[in-house]
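Engineer: Once you've looked at the hints, go ahead and assemble the two chains, each given alone in its own frame, into the complex.
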Amino acid sequence: MTKDYSILIGGAAGQGSRKAGLTIAELFSQFGYKIFIYDDYQSLIRGGHSFSQIRASKSKVLSHRKKIDFLLALDETTIKKHQADLDKKGMIIYNSDELSLKKKNVVGVAMETIVKKAGGTPIMGNTALVAAFVKIIGIDWETLEKLLKKELKKFQELNLKIAKEAFSSTKNLVKIEKLDQKPLPLLTGNEAVALGAVKAGLIFYIAYPMTPATGILHYLAKHKKDFNVKVAQLENEVGVVNAALGAAYAGARTMVGTSGGGFALMTEGLSLAAQSETPLVVIESQRMSPGTGVATYNGQGDLLFVLAAGHGDILRFVIAPGDADEACFWAGKILNLSWKYQTPSILLIDKEVSESTFSFDTGILDEVKCEKSLLWDKKGKYLRYKKTRNGVSPLAFPGEKNVIVKANSYEHDEFGITVEDEKKVEEMQNKRLKKFEEMRKEADKLPAVNVYGKKSAKKAIIAWGSTKGPAKEAAEKIGIKMIQPVIVEPFPEKQMKNALKGVKKIALVETNGLGQMEKVLNCYGIKVDKKVLKYNARPFLPGEIEKKLRKF
Amino acid sequence: MELNTYAKNTWCPGCGNFGILIALKQAISSLVGRGIAKEKIVMVSGIGCSSKIIDYLNLNSFSSLHGRPIISAEGIKLGNPGLEVIVFAGDGGTYNEGISHLIHAAKRNSDITVLIHDNRSFALTTSQFTATSPKGFKGKSTPEGSIEEPLNPLKLMLASNATFIARGYSSKTEHLRDLIIEGVQHKGFSFIDILQPCVSFFNTYQLYNEKVYEEKNENLTSEKEALKKAGEWNYGKDNSKIPIGIFYEIQRPVYEKELLGNLIPAKRTKKVDFKKVLEELK
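Respectively, the protein sequence lines represent chains E and D. By our numbering, the letter at position 130 of the first sequence is numbered 449, and the numbering carries on one by one without gaps. By our numbering, the letter at position 154 of the second sequence is numbered 476, and the numbering carries on one by one without gaps.
No wet-lab data here; the hints were simulated from the structure. Bear in mind the structure is a predicted one, so any value in this text is a computation, not a measurement. It is possible that part of the hints are untrue.
Taking lysine to any residue pairs in the SDA-like style, the calculated list, with each CA pair at most 20 Å apart, reads [stated by the list, open to error]:
{"no.": "1", "chain 1": "E", "residue 1": "LYS720", "chain 2": "D", "residue 2": "ASN380"}
{"no.": "2", "chain 1": "D", "residue 1": "LYS592", "chain 2": "E", "residue 2": "ASP545"}
{"no.": "3", "chain 1": "D", "residue 1": "LYS429", "chain 2": "D", "residue 2": "GLU545"}
{"no.": "4", "chain 1": "D", "residue 1": "LYS589", "chain 2": "E", "residue 2": "ASP545"}
{"no.": "5", "chain 1": "D", "residue 1": "LYS477", "chain 2": "D", "residue 2": "PRO565"}
{"no.": "6", "chain 1": "E", "residue 1": "LYS544", "chain 2": "D", "residue 2": "ILE586"}
{"no.": "7", "chain 1": "D", "residue 1": "LYS592", "chain 2": "E", "residue 2": "SER692"}
{"no.": "8", "chain 1": "D", "residue 1": "LYS598", "chain 2": "E", "residue 2": "THR681"}
{"no.": "9", "chain 1": "D", "residue 1": "LYS362", "chain 2": "E", "residue 2": "LEU694"}
{"no.": "10", "chain 1": "D", "residue 1": "LYS551", "chain 2": "D", "residue 2": "GLY567"}
{"no.": "11", "chain 1": "E", "residue 1": "LYS543", "chain 2": "D", "residue 2": "LEU600"}
{"no.": "12", "chain 1": "D", "residue 1": "LYS589", "chain 2": "E", "residue 2": "LEU714"}
{"no.": "13", "chain 1": "E", "residue 1": "LYS543", "chain 2": "D", "residue 2": "VAL594"}
Which residues of chain D face chain E? A few of them, derived with a C-beta cut under 8 Å, are [to be verified]:
{"no.": "14", "residue": "LEU325"}
{"no.": "15", "residue": "GLY401"}
{"no.": "16", "residue": "ASN402"}
{"no.": "17", "residue": "GLY404"}
{"no.": "18", "residue": "ASN418"}
{"no.": "19", "residue": "SER422"}
{"no.": "20", "residue": "HIS423"}
{"no.": "21", "residue": "ALA481"}
{"no.": "22", "residue": "VAL594"}
{"no.": "23", "residue": "LEU603"}
Coverage of chain D stretches by chain E, computed from C-beta distances (three or more under 8 Å per stretch; other residues unrestricted) [said to hold, decoys possible]:
{"no.": "24", "segment": "360-368"}
{"no.": "25", "segment": "376-388"}
{"no.": "26", "segment": "575-586"}
Yeah, the Cβ is synthetic: ideal placement off N, Cα and C, and Gly gets one too.
Okay, chain D solo, but in the shape it has when bound (with noise of 0.2 Å):
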């Protein structure tokens, strides 16, 4: 299945968008063998160099706002939920510019798969801190340092009661690509923290390749593990071990369900019968 296009990848060699971008094309193909349409995709991405991603694909996209594609993303799938609709963004567009929309997708359940491509800083302008980046992160707004502690993305979806909660990394394709489709398949929203390097600002590929493991989680649907999981590692300097896998894992009641019933806006058909409104004005 040909899924590129003609733009020119302007990626940093040895970036770790390539390996993430390795594992959506094998987890989109798997999903078009399983019955998902191609043409019912629709990628949508915020601003930063994780959003390039849907340039480089012959898919539907929607290029939104920085901190907005989440969002974006909910009105794309409330316009017509029989669309699979996955979202491409930065840990600087999701967790600074574009928390509260994160926390309210989550909240309301809307069912759009999240992929944060989280290199821990602002690249495509040339190395600034984000939420997720360590204590001390020397960037150019911040050159002795940052004096803020890091957020922790996934306590911070367990709070905002997200029923999908899972972490990757950009070097293991193949568990990437399972994430994903799992991501996909489930109903309502899937969160997926991607740890990516960034070769250029702040290369992480020896930390993680020492720290990182494979995380398989017997009882998901435990709040409790999940938090204790989710706590393992605070995206600070601290020298703990950083488990990865789907954390957390539950059913709730879906957004746009529950909105619309079982219409389907861009698609509606039946015509208001004006003659009954005029009389009840009357």
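Here chain E stands alone, though its shape is the one from the complex (with noise of 0.2 Å):
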């Protein structure tokens, strides 16, 4: 029986349950366990009902299951939403001063007479609630002094008195082995994108607060010094967009990080960019849409538009990793892929990505290198859009002598004076569409495509993004192939048709309500023969992948 425990430790917002979460997954993580936390809050500050739900398991993990071994309840709420999940040896421990519970298997622990006791105040309650528990399962009050000591920077000692009442008023029934692996550390996936764009060179972080890709806005605003970047929050999506195209053209490489409404915002951008060859890199981060759609929740409802998006002939790079080693590594390369190739692109993730925790492979990042772009030779005059053999025209930034720099939004001669007269138009067209070649050879070249599963089933399933975390678990407890496609656009067709080689059955499984890859594999002749489709904002759990598919 392999390890693999679920806990999920739930209460209003503003109670601290992702933080007491966190902790206990790092516990976890520290016994040697790979972690996955999937966070479920509200659009709210304060009240409501948000938990996380944490997966702790010997092997890698890239999503939490249905089942609950431990159900920490900060309030009665949680336990009346989530015990029907309780597994049959499943423990309820809960807030005892709130409720008693008369059932097998339930630890009360007197929260909020520890935390009054203590003089602390009423959120510390998660600090004796996850101290119950620590002793419950069986680990040492060491381990979690030492853990709490360079965790909790305000409040420390009251916490860790809190702490050890809350220890000693509890007996350990449980005993979770400790394994023997490196402990890994924890990053959500807006981290683990910023570390890869900071890697591959990122200078500038401009953007515009929407869930969920702001936590990139903040762990970039708060790590400025250690990562020698700079951030700014402008007025709306669109100046944030304008802007980046600026900053890029003056010669400094710029990201910027969104969700579909503000992408929205965006896309004239996008075209600019395509028109100005100027490189601009969008997180786009879904969340349930359209429209304003349920923002603190999943979904991958942006795929058809983020292909689409920008008036105009345009070949754009859409990259969609489907975990945090994925997202850190993908959002080095599609920074250096811009820059490469003078383009737009977008790194497309979502919710279950973006705000979920992972144990992160830190040995990405030796992966992830800047990569030089391709720049002036300094010999005779320059041409902004040079027609070269590729179509790529070496760059050269505003403010170097000798140099005069014309970016132009109009359809342009090579020194990048407007034209209307159809040869020059044609000619820049030409330029532009040969370099979409080099783009897609390219593509080509990389590993664009993973493959999971058993690889010689006549079955497989399509997933993408984070749908690739449930279908994978589910491909390998069926005994079916999994395929995922990675970089989007330029269309891998070579490496997906290699994949799918041998393959009779396909069934494509995504959570948005049109399938909207199908509609992308149907360009390149593949067809699907079941989709799977989730539409209630929340992600795929591999058990729901496995029923549905189990008779495929």
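Structural biologist: Below, the structure written as structure tokens:
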């Protein structure tokens, strides 16, 4: 029986369930477990219901699961909402000051009493609950104390007092085994994106706050000095994208981040990037859409939008990583690609990748490099849009001596002067079309498609983005193949068809209502036999996919 | 100093833009003479007749989208604060499409110079009203006359905390030349609304020649005085005289300096210590 624990900690917003969940995850991580945390919170600041569902497993996990082994309830609502998912042998740890449970396998913790006695504030109840849980699962006090000392900056002494009291107030009931595996740091997908971009030479991050991308803005703003980057929050997304283009024109590697609605405002900028051949990297972290949608919840409904956004003939890079490791690598890669081809590009993630917490393989950072752009050789007169063999014109930046850099949103000649002449217009379009060909060739050479599960299976799941996690797990359980396109544009036709060799039946799994990836696959002659769609603003669980495809 | 490109000028004969072009060229010659390297100058334009100006001059340029040159210019300045960034935009792009960017650039005190070719209409799209058109303006979308009162951009700039507010007239080229020089040299956000007649759709030469007068303001740091001067004429059909000159000039911290410190992002050489970053992660 593989070691795989499912822990849910919940409460009202403001009770600190997220911080508590992270602390528990850190402890399991120190014990050698691989972690995944699903964070569920509503669009409010206080009240309501929020919870973290932690998966701690021997092997790498990219999804939480339905059945709960330990239900930690900071309030009664948590019990009411989640007790139906409790495993047969599952345990509830709850606030015995608020209520009394008469069932098997429950442990009450007098959270409020302990906090009041120590002279703390109500939110510190989460420390009491965590400490009690730690005792219950057989982790020693010293380990907990060390972690709390590291994690808690404010009111450390008070919290330690509460923790010690709660720890002593209960007894060990279960023994969590320590695994002989190196502990990995825990990062959210947003943090991983930030790291990857910084490694690839990011200098500037510009954004307007929008869930679930805001974490990138906060993380980079907090670590400005460590990462030697600058961060600016501007008046609206239209401003953000246009400022980013200005900064890139001046020679600074810049990135912007937003969600679907914010990206909608940026699309004119994407078109400007294509016409003026200015590098632009947009992190689009999807929420459930359309419109304002379900702001703090899950969806993959922006795929077709992102592929078609921006008026005109535009080929852009669209890359959809499925977890934190991939988010880190591809954030760095996409920044390099954008500067190599002087083109708009979108890293398409979603709430599940952005805001879930993953065990992070730091080795990934070694694979991310800051690749040099094609620079002018300083010979002759500088022409911003010089026609070249492969359509990519060498870069120079304003301020350099003897250089005039003219970037243009209008169609232009090689120097950058506006043109309407049919010959000149066609010439410049041809230059860009040639560049697109180079981009296609480049995408072909990259690891654009991942294959998991039983490689020789005749049935395959196609899944992308965060659905990779649960789909991979389900495929491995059922014994079929799982194919994940990571680069969606330019579409890796060769690699996809290679992965599909021998496959007779295809199931597409994604979290949107129209089966958007099906349209993309159809363009390349890949026919889907079954669609498994979920669109209730929640991510897939492996068990759900398993159930739907067991008889596929 | 040869500033012309090979691009053919397509402004209507008699266009007010020619006056602005003359003033600009003289200003640039003077500024280069005073020590600003030619290659450090970046022109940023929007869309419209006015914006064609960047095709005509052999200087770095970024032709932005309608309404966006101001925020593009801020981005350029943030990318390399050593550049001298000047925006050329119309009233339509700036007071209609891109008004939020105008206000925030002023609010932030971004160190750019904004020149508005204010012909008080959308001319290139063959005449529709804009925010500075007078009530009753007969354009193609308001053939019976616009029912909207105009906006006073000088008052808007005062309310937005702009640190340099001026108005010029395209026919008074020497006066305008000096305004541009002062504006570029001012450390902070410089705003110059330039009254520009449009011979094809809104010929205001006679009106401006009669009403415009040069005002040498004594107390440039008084908000009260500036508001009074700004309110003398409200871009409507009133019969008042129209003062031009610098109305307001103060100093306050510059956005790019505050945000970047001494860093020039485009020239950043210091590498990130990833070993340290990874240590902290663990």
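Engineer: Next step is simple, just say for each hint if it's right about the structure.
Structural biologist: Right, here's what the structure says about each hint:
Among the hinted pairs, LYS720 (chain E) with ASN380 (chain D) is consistent with the structure: their alpha-carbon atoms are about 14 Å apart, no more than 20 Å. For the proposed pair LYS592 (chain D) and ASP545 (chain E), the alpha carbon gap of about 11 Å is at most 20 Å, so the pair holds. Between LYS429 (chain D) and GLU545 (chain D) the CA atoms are separated by roughly 15 Å; this keeps the pair inside 20 Å, and the hint holds. For the suggested pair LYS589 (chain D) and ASP545 (chain E), the alpha carbons sit about 18 Å apart, so the restraint of at most 20 Å is met.
Under the criterion of a C-alpha separation no larger than 20 Å, the hint pairing LYS477 (chain D) with PRO565 (chain D) is consistent with the structure, at around 14 Å. Only pairs whose Cα atoms come within 20 Å are accepted, and LYS544 (chain E) paired with ILE586 (chain D) is accepted, the gap being roughly 15 Å. For a cut-off of 20 Å, the pair hint linking LYS592 (chain D) to SER692 (chain E) stands: about 18 Å separates their Cα positions. A C-alpha spacing of about 12 Å is found between LYS598 (chain D) and THR681 (chain E), which places the hinted pair at or below 20 Å, so the restraint holds.
Restraint check for LYS362 (chain D) and LEU694 (chain E): the C-alpha separation of about 19 Å stays at or below 20 Å, so the hint holds. For the hint pairing LYS551 (chain D) with GLY567 (chain D), the CA-to-CA distance comes to about 10 Å; that is within 20 Å, so the pair holds. Taking the CA atoms of LYS543 (chain E) and LEU600 (chain D), the gap is near 15 Å; set against the 20 Å cutoff, the hint holds. Under the criterion of a C-alpha separation no larger than 20 Å, the hint pairing LYS589 (chain D) with LEU714 (chain E) is consistent with the structure, at around 14 Å.
A hinted pair counts as satisfied when its Cα atoms are at most 20 Å apart, and LYS543 (chain E) with VAL594 (chain D) qualifies at roughly 11 Å. Checking LEU325 (chain D) against chain E by beta carbon gives a least distance of about 11 Å; that is not within 8 Å, so the hint is violated. Interface restraint check for GLY401 (chain D): the shortest CB-CB distance to chain E comes to about 3 Å, inside 8 Å, so the restraint holds. Of the supplied interface hints, the one on ASN402 (chain D) holds, with its beta-carbon coming within about 4 Å of a beta-carbon of chain E, less than 8 Å.
The beta carbon of GLY404 (chain D) comes within 6 Å of a beta carbon in chain E, closer than 8 Å, and the hint placing it at the interface holds. Residue-level restraint check for ASN418 (chain D) is violated (minimum Cβ-Cβ distance to chain E is 14 Å; threshold 8 Å). Interface hint status for SER422 (chain D): upheld, as the beta-carbon distance to the closest one in chain E is roughly 5 Å, under 8 Å. Annotation: interface hint on HIS423 (chain D) holds; nearest CB of chain E at approximately 6 Å, less than 8 Å.
Of the supplied interface hints, the one on ALA481 (chain D) is violated, with its beta-carbon coming no nearer than about 16 Å to a beta-carbon of chain E, more than 8 Å. For VAL594 (chain D), the suggested interface contact is upheld, since its CB lies about 5 Å from the closest CB of chain E, less than 8 Å. For LEU603 (chain D), the suggested interface contact is upheld, since its CB lies about 4 Å from the closest CB of chain E, less than 8 Å. Interface restraint, the segment 360-368 of chain D with chain E: holds (4 residues with C-beta to C-beta distance below 8 Å; minimum three).
Coverage of the segment 376-388 of chain D by chain E holds in this model, with 10 residues showing a Cβ closer than 8 Å to a Cβ of that chain against a need of three. Coverage of a stretch by a chain is defined here by at least three residues with a beta carbon nearer than 8 Å to that chain's beta carbons; for the segment 575-586 of chain D and chain E the count is 3, and the condition holds.
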